[in-house]
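Residue-level listing of the chains:
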Amino acid sequence: MNNKTGKNTVAAYIEKLLGLAWYLGIVFGVLLIGGQIYLMIASPAWLGETMKLQIETSGLVFSFTEGFSAPEAGTLFIFQFALVVPLLAMGLLIIFQLKKIFTTITEGSPFSMENSKRIRVIGWTIIAASAIKALLGFLLGLYFSTLINLPGLDLTANIRLQDFAGVFAGIIILALAEVFQHGARLQEESNLTV
Amino acid sequence: MAIIVRLDRVMADRKISLTELADRVGITMANLSLLKTGKVRAVRFSTLEALCRELDCQPGDLLEYNNSQ
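Order-wise, the sequence lines are chains S and U. Reading the first sequence from the start, the letters are residues 1 to 194 in the working numbering. Reading the second sequence from the start, the letters are residues 1001 to 1069 in the working numbering.
Simulated from the structure, these hints should not be mistaken for lab results. Just so it is clear, the structure is predicted and the values come from calculations on it, not from any experiment. Please note: incorrect hints may appear among the correct ones.
[As the list claims (entries may be wrong)] Result set (DMTMM-like, lysine to aspartate or glutamate): computed pairs, CA atoms no more than 25 Å apart in a straight line:
#, chain 1, residue 1, chain 2, residue 2
1, S, 52, S, 66
2, U, 1036, S, 189
3, U, 1036, U, 1056
4, U, 1036, U, 1023
5, U, 1015, U, 1064
6, S, 133, S, 154
7, S, 133, S, 72
8, U, 1039, S, 66
9, S, 99, S, 154
10, U, 1039, S, 189
11, S, 52, S, 72
12, U, 1039, S, 114
13, U, 1015, U, 1061
14, U, 1036, S, 188
15, S, 7, S, 114
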């Protein structure tokens, strides 16, 4: 039988990459949060400053020079913090769980109740991340629609079904967790059969 | 479980060690030990057949049903 476990397998390389991503994510998170806290402490006046309003799409930048109430940097800072910090934490949680799953694949024992729980955690995290991203995006849209007041331009905050695409991905992953739970039961049955 | 494995009794009658039986049946000593102590959930027909062949006994000699458990 071709035993695809051990050090020189695809799973082992992915596990190493996930380990690297985990440490890089932590360093990025510490720098981001630490940097923002430093900015708050070092120059609190910056938070009260008004900002230019620009909307960027791929290949096009809309700059508003008049007809809008300039947003305060502090408000945008809160939005950014509320969006980035939970998403970063969730991303790190997913990477951590994936790394553990790939460790068990490398060791040749992927069908376990622990892996089923890990996949379930990933599924729920993706659902939560998708919901947070969609809702905060909507709130940000709502905030900007109150700021811009140009004749002939009607801005409405919108939340679309495709903004919740991650929820469907999460549900699929939850189904996979159930499959893994069934696999773990079969594996246990197999282990206790002589 | 209401099924009791009587492998230890048959092995004692035949004066055969765990190592020798495991070798002759073709399963690991760890698995045979689990079977002997009744810690397994199922036995393959192939394993039962090999045990009966090597111990010269019937499946009923190895397994017993106890209603009270």
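Hints, verified against the model:
1. 52(S) <-> 66(S): Cα-Cα ~10 Å, so holds.
2. 1036(U) <-> 189(S): holds, 18 Å
3. 1036(U) <-> 1056(U): Distance ~17 Å between residue 1036(U) and residue 1056(U) Cα, so the pair holds.
4. 1036(U) <-> 1023(U): Roughly 15 Å between the alpha carbons, so the hint for residue 1036(U) and residue 1023(U) holds.
5. 1015(U) <-> 1064(U): holds, 21 Å
6. 133(S) <-> 154(S): Between residue 133(S) and residue 154(S) the Cα gap is close to 24 Å, so the pair holds against 25 Å.
7. 133(S) <-> 72(S): Holds: residue 133(S) and residue 72(S) sit about 21 Å apart, inside 25 Å.
8. 1039(U) <-> 66(S): violated, 79 Å
9. 99(S) <-> 154(S): It is violated: about 47 Å lies between the C-alpha atoms, which goes past 25 Å.
10. 1039(U) <-> 189(S): holds, 12 Å
11. 52(S) <-> 72(S): Holds, because 9 Å separates the two Cα atoms, which is no more than 25 Å.
12. 1039(U) <-> 114(S): With a Cα-Cα distance of about 23 Å, the restraint between residue 1039(U) and residue 114(S) holds, given a limit of 25 Å.
13. 1015(U) <-> 1061(U): Roughly 15 Å between the alpha carbons, so the hint for residue 1015(U) and residue 1061(U) holds.
14. 1036(U) <-> 188(S): holds, 19 Å
15. 7(S) <-> 114(S): Cα-Cα ~22 Å, so holds.
In the structure shown, a violation is registered for the earlier hints numbered 8 and 9, in ascending order.
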